[in-house]
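Visitor: Spelled out, the chains give:
2 protein chains.
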Amino acid sequence: MSLITSQKIHINKASSSRINDVDFNNLTFGSVFTDHMFECDFIDGNWQNPTIKPYGPISISPAAKVFHYGQAVFEGMKAYKDDHGKVFLFRPKENLKRINKSSVRMAIPEFPKDVFFEAMHKILELDKDWIKSGLGNSLYIRPFVMATQVGVSASPSNAYKFMILLSPAQAYYTGEVRVVIAQQYSRAADGGVGFAKAAGNYGAQFYPTNLAREKGFQQVIWTDSNEHKYLEEAGTMNVFFRINNTLITAPTNDRILDGITRKSVIAIAEKNNITTEVRKITVSELVNAAKDGSLKEIFGAGTAAVISPVSAFSYEETLYELPKQEPSFASEFKKELMEIQHNLTEDPFNWRYKVL
Amino acid sequence: MSLITSQKIHINKASSSRINDVDFNNLTFGSVFTDHMFECDFIDGNWQNPTIKPYGPISISPAAKVFHYGQAVFEGMKAYKDDHGKVFLFRPKENLKRINKSSVRMAIPEFPKDVFFEAMHKILELDKDWIKSGLGNSLYIRPFVMATQVGVSASPSNAYKFMILLSPAQAYYTGEVRVVIAQQYSRAADGGVGFAKAAGNYGAQFYPTNLAREKGFQQVIWTDSNEHKYLEEAGTMNVFFRINNTLITAPTNDRILDGITRKSVIAIAEKNNITTEVRKITVSELVNAAKDGSLKEIFGAGTAAVISPVSAFSYEETLYELPKQEPSFASEFKKELMEIQHNLTEDPFNWRYKVL
Ligand SMILES: Cc1ncc(COP(=O)(O)O)c(C=O)c1O
Ligand SMILES: Cc1ncc(COP(=O)(O)O)c(C=O)c1O
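Same order as they appear, the protein sequences are chains A and B.
Number 169 in full-length UniProt numbering belongs to position 169 of the first sequence; there are no gaps in the numbering.
Number 17 in full-length UniProt numbering belongs to position 17 of the second sequence; there are no gaps in the numbering.
Identical copies go unnamed one by one, so any copy, or any two together, can satisfy a pair.
Restricting the straight-line Cα-Cα distance to at most 20 Å, the calculated cross-link-like pairs of lysine to any residue (SDA-like) are:
#1 K291 with Y315
#2 K101 with Q184
#3 K86 with D129
#4 K13 with S61
#5 K215 with V104
#6 K229 with D190
#7 K122 with K354
#8 K132 with A171
#9 K263 with Y353
#10 K132 with H121
#11 K280 with N226
#12 K296 with I181
#13 K101 with N210
#14 K53 with V150
#15 K215 with A107
Simulated from the structure, these hints should not be mistaken for laboratory data.
Please put together the full structure from these sequences, using the hints given.
Guide: Spelled out as structure tokens, the structure:
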């Protein structure tokens with residue numbers, strides 16, 4: 001999709017910053033936003049009016065299609081600052097590719113690469129003080145697209161708004177993550193939109209996740225919707241299993257998000273000569289491995305949480321506790337990933353993208 | 001869920017009406033809205049501040065969860081005016097029940113019945129001039145709920161907005177409806193949210209429906225996501241098949257919306273002693289019936305379109321044209337339904353609900 005190319009990003013700077021009101025040591029993930037946001041509208045077949053303006057409410061018709069038909073996609077990425085004040089993104093081209101893949105599946109026009117990167121540079125420059133250095137600190141970046149055409153008839157919108165919000169973040173999960181293996185509810189269908197970061201995929205998980213929470217679990221590990229036999233992924237993380245010293249993760253398919261952290265973990269594992277199997281893994285294999293002691297670790301991998309070790313899983317009302325591992329694959333991968341992200345080590349994969 | 005009961009609906013009347021700007025003979029479905037809208041917020045664990053105000057844009061944070069996680073549900077219903085100016089709804093308690101069922105699945109608090117009906121009465125009274133009498137004319141009513149909490153973390157919102165929009169309507173579909181039987185894409189998973197009117201279910205259908213449109217078809221008939229073997233429903237309609245003189249429709253399940261028009265068609269068929277089978281129907285049964293001439297009709301049933309006869313279907317790149325039926329089940333059901341809705345005949349089922 002083309003952007004009317006003569007248009008530059010229009011910048012409307014906030015008259016004052018809210019940064020001094022923020023306690024950077026007590027951040028709730030995704031709840032505090034920086035001084036600016038980016039906005040670009042798709043009208044008459046073109047992305048137009050790219051604008052950076054003060055973060056604040058938007059005015060929108062209650063009949064806009066996003067509210068009625070969930071025609072919306074998003075991304076999640078992070079910016080990191082090193083101790084010299086340099087700012088990096090982690091594999092941002094993958095996020096652009098993925099939001100456009102999500103958009104195609106949701107009948108949303110793709111967003112142009114040059115504007116995406118120009119917007120990133122400009123807004124991060126404006127809000128760079130919101131990125132704190134130090135391992136674990138980051139600026140969470142939320143690009144998203146919503147259908148804005150007015151109309152309560154179920155057909156694709158002819159107008160869209162692409163936006164970027166920025167939210168300072170510390171580590172996402174605190175404490176142990178206990179998970180339930182899905183037996184009844186499903187996240188995605190074959191031939192559906194599970195591989196896309198489509199808004200509706202997430203709201204649909206809240207109820208079954210609440211049921212898990214009521215029983216003392218934080219997350220659900222989704223299984224295939226046909227037989228609930230194969231392990232797929234968690235709500236916002238891909239999932240890895242360590243059986244003895246082999247790392248196993250499900251192949252991606254049209255139900256599973258092709259996670260950037262997942263890809264990166266696989267690459268780091270291969271570099272470290274860890275035997276890695278990308279293959280279907282059944283719930284019964286997991287249960288048997290838990291029973292015979294060969295299951296050493298389960299962990300989730302995703303931008304928000306980086307790596308989240310799982311301490312126990314529940315299946316058919318039986319609880320399986322995982323052994324403590326020291327050192328663990330999870331902590332090793334987390335360390336290697338974060339050191340690359342924060343510019344504390346070399347970057348053999350060329351994953352860092354310098355912004356400032 | 002309780003409403004702070006001392007609160008009455010606050011009414012802020014539009015200073016002037018836009019009704020004279022509207023050409024009621026040239027309405028595009030769902031694109032024109034009446035002078036007023038209803039709004040009620042869920043805050044601090046209660047539905048509060050029920051308000052009718054002039055239709056217009058709302059101010060909302062771009063970080064509201066509805067944009068990111070599709071936590072939103074809706075309903076579709078109609079008001080009809082008879083030649084004496086009386087105004088009726090059609091089985092509105094079913095819509096309230098269903099929006100609350102949808103809400104439960106999407107982790108949204110249920111909306112109180114008394115406020116729902118009070119809002120309907122008050123807003124229809126204010127905007128009654130927008131309801132035109134005459135068979136086929138109606139006022140389409142769109143209640144919906146959206147998650148309004150600010151926060152880009154994937155968990156249920158703690159704040160919601162319930163709204164009602166009104167849109168004058170003529171007949172929904174014009175011309176013949178040609179459909180494609182889904183073989184690759186799916187609408188819903190077992191254990192998913194297909195039975196709910198969740199926003200994301202609709203956006204997810206746009207892309208495969210576009211593919212069908214490009215080939216000259218208007219709609220997709222969805223099949224089960226496991227095997228694409230059983231016929232389920234269309235995008236916004238349940239589907240009926242007439243083989244010889246037997247009426248067949250799929251049973252509802254957690255992938256299929258329990259349509260009010262569907263239920264009503266089944267009841268009318270039974271009253272008219274038409275043999276009706278609510279059972280699984282396979283694509284191959286349909287294809288065989290088309291080949292041997294026993295397939296007489298296919299039609300969709302839903303609030304927007306009422307009854308939509310299908311003139312042809314495509315499966316495995318083969319086109320099956322349906323014979324012209326005169327009289328048809330479709331036209332008979334449509335006539336009986338519309339005469340009940342428009343108060344032109346008796347109402348043996350007690351479906352009409354008088355508002356004014
Ligand atoms: C469903 C789902 N799976 C996995 C992931 C992990 O993907 P990534 O590593 O690219 O953040 C995400 C996104 O955070 C997700 O939403
Ligand atoms: C998916 C789906 N199926 C069927 C229907 C028909 O339901 P109803 O007859 O209650 O309008 C609708 C709603 O219009 C729908 O969205």
